[in-house]
Amino acid sequence: LSDAGYRVEHLPHDGRALLDLLGAGITNDLARRAGRLVRALLPLPDYLTHLAQMPASARQRVHERWGPPEEDPHLVDGAFPLAVLPLGNLVVVLQPSRGWDVDPERSWHDPDLPPPHAYLALYVWLRRVFAADAVVQLGKHGNLEWLPGRPLALSDACFPELALGPVPLLYPFIVNDPGEGSQAKRRSAAVIVDHLTPPLTRAGSWGAQRELERLVDEYWEASALDPRRAHLLQEEILAEARRIGLDHDLDLDRSAGTAAMLTRLDAHLCELKELQIRDGLHIFGRSPDGAQRTDLLLALSRVPRGDGRGGNASLTRALAEDLGLGIDPLTLDLGAAWNGPRPEPLCRLSAEPWRSAGDTVERLELLALALVEGTRDPEPDWPRSHAVLDVVRTSLAPALDLSGPRELAALLAGLDGRRVPPGPSGAPTRGRPEVLPTGRNFYSVDTRAVPTPAAWRLGWAAATTLLEQHLQLHGDWPRRVALSAWGTANMRTGGDDIAQALALMGCRPTWDVTTGRVTGVEILPLDVLDRPRVDVTLRISGLFRDAFPAQVLLLDDAVRAVAALDEPAALNPLAAAAREEATRLEAQGHTADRARRLATARLFGAPPGAYGTGLQGLVDSDAWQDEAELGRAFLRYGGYAYGRGLDGMQAEDALTRRLGATELVVHAQDNREHDLLDSDDYWQFEGGLAAAVRAAGGAQPEILHLDTSRPERPRACRLQEEIGRIVRGRAANPRWIEGVMRHGYKGAFEIAATVDYLFAYAATARVVGDHHFEALYDAYIADETVRAFLAENNPHALRETAHRFLEAARRGLWRPQRNSALATLDELSG
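Quick note on the numbering used here: the sequence shown kicks off at 484 and runs consecutively.
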């Protein structure tokens, strides 16, 4: 119950006795924590009655530590106000907060924090007063499935079961999130009704990026004809890149030479144009139509599906082959000069200059779009394209069109007490068309077969990409790397992150040839690796811990096997570090076996039964002093070791030592149906790890963002480059802003959340520049149309956005260019 070492079993399991302890003057920390149990163990009337019977001095101490009952924010005139909108036989309710807002850092996923009386009161009212026949949980995700209790096989003492009981729960859930959907199935007996992802489109080119593109085209044309004009254009290009911060994001180095810098810049501009972004939000029960339907079908057909052959091939690949281009558009270096053929069907598509591989890919995309849209037909001598388009028309398009109606039909079937059919889950734009049509009760994976052979191949390629990128940036292999591993991502990919960690250590899974299930790990010899092994520390999510216990043991077995190898320290830093730490622990009095076990701990996570990183509430509430406090919170909340014989043992010191020596922080993104500025999970793990490395005594680590959304070509870039790509390609892009503005208050929320997540990255990872904040300020606040949209549709989102910008300026994370910016923001946040 407290840092002083008390545990629940050391105190009586009786609310009145705990209340007496509060009145007896126990420490403030223990009082606050015991107070939570009092509210859970004592019904409110009994609590008030017992409080009234206590001596005045004891009652005063309770009030000092916890506030008098009349100040309870959940009580009004002695009753609980419930956020309920009656609509005849239907009521719409807001799910209450599960915490007391006394300790927001821990309230979201604290395994020891029972929900307050007001929380349970709502569910009691639903069950006993309104007598609901069923509950539909809208919004991914609620907090019921994260309440304290067993991870699975709940008893009648677990809070999700106490709150909802036997009432059927139907849960519309996005199809690409099997992890959190499985949590809802496991811990609240939910029947999932999966739904489509938001429609996707290409980011395109706009604003300063379009102007830069024009200048680069003009420069390459002039470089062969007019060197003096080319020199002037070069300076103009670099000045514009500096103005919008591209030189910072790409770390452009003048010493590399003009040609190299401009080629790098050109490639980035091409990547920005081809970036896949969301075009608004999905409306449950409605399939996309018009341009949204066409763009989403193109996204589905752009990547290979199944075996990648015949009709399952990539459409742009098929076109490239039919046109005789001799390239793979999915793996092409977009900045490379184009010296290949220029077929007439591609020439007709655009009057823009055609000089780079990126220009070739853009033309292929335009042709694919026209074919999917039906505004032109493929030539008779394009057999590969015909095969893919047949599948698009006969399979992908009907499945997409059926999804909306199936979603509503499945929800109504569930409410009618009928079966909701099962179906697979995953990211449809990552080659998983079998998840369509949606409207099914999705399932995830057979964890006994994770990582799959396909995931192992991608994990090996991703690890190689990371190592080569670090070698290119720093001239040496990384020796100590920190990775984050999520349950949802590994369900979607079949274990990419697990395979990547094994590959970095120089191990590979072994499988049973009959069942395909993983049987163990094999240690690869150093001469096969041709590089040093890597000492990998994993920060696993709570969902990963619960969903993949066998993989936790598999990774731990690999760590201990590598640590036991007799190899030179320069080639096996894991073994060297484990030997050194075991010697130190033995000197402190640990047995040799125990010392060795603790020295090889490399998997860390939240306390058993808990989830998250301990950072979200801290940052959301502005309840932190400096970035070191954020790093320490990450270490404290994530300092629990997992593996054989560890089982969530408190080991903050061990995690601190591991991260204090870390050189490289890595997080993988396996699909482009979302990005790192529309989910708080990314900054909590990616940024949290970076802050923890610094708090543990290390220098600012290199942070690489790994993109495996196209398994054919894993890409790794510095985090600041990815931040810039998302700010320019999606967050400040008028195309994205227009898309979310179609959705009223919810679109305004998406805008506010984007600012929140950029701020959180600035607070934790040190990779956000003034120009990133400036771009969002210009797009959301300085733009009168967008600001008016926020004010009209969601004034709370406008105030929150203004507050975040002000907080960024107050904390020194952003220095506004406009003198008027702070005054404007102060007025909007007031």
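Rather than coming from a laboratory, the hints here were simulated on the basis of the structure. Since we're looking at a predicted model, the values are computed, not measured. The C-beta atom is built at its ideal place from N, Cα and C for all residues, glycine as well. Hints may contain errors.
Per label pair, the in silico range of CB-to-CB distance [said to hold, decoys possible]:
1) Asp816 <-> Arg711: 23 to 31 Å
2) Ala1075 <-> Leu621: 29 to 37 Å
3) Glu701 <-> Ala1052: 40 to 48 Å
4) Asp816 <-> Leu1048: 15 to 23 Å
5) His957 <-> Leu1007: 51 to 59 Å
6) Glu1267 <-> Ala1106: 31 to 39 Å
7) Leu954 <-> Gly793: 55 to 63 Å
How the hints compare with the structure:
{"no.": "1", "hint": "Asp816 <-> Arg711: 23 to 31 Å", "result": "holds (30 Å)"}
{"no.": "2", "hint": "Ala1075 <-> Leu621: 29 to 37 Å", "result": "violated (56 Å)"}
{"no.": "3", "hint": "Glu701 <-> Ala1052: 40 to 48 Å", "result": "violated (54 Å)"}
{"no.": "4", "hint": "Asp816 <-> Leu1048: 15 to 23 Å", "result": "violated (38 Å)"}
{"no.": "5", "hint": "His957 <-> Leu1007: 51 to 59 Å", "result": "violated (24 Å)"}
{"no.": "6", "hint": "Glu1267 <-> Ala1106: 31 to 39 Å", "result": "holds (34 Å)"}
{"no.": "7", "hint": "Leu954 <-> Gly793: 55 to 63 Å", "result": "violated (39 Å)"}
Consistency note: the structure conflicts with the earlier hints numbered 2, 3, 4, 5 and 7.
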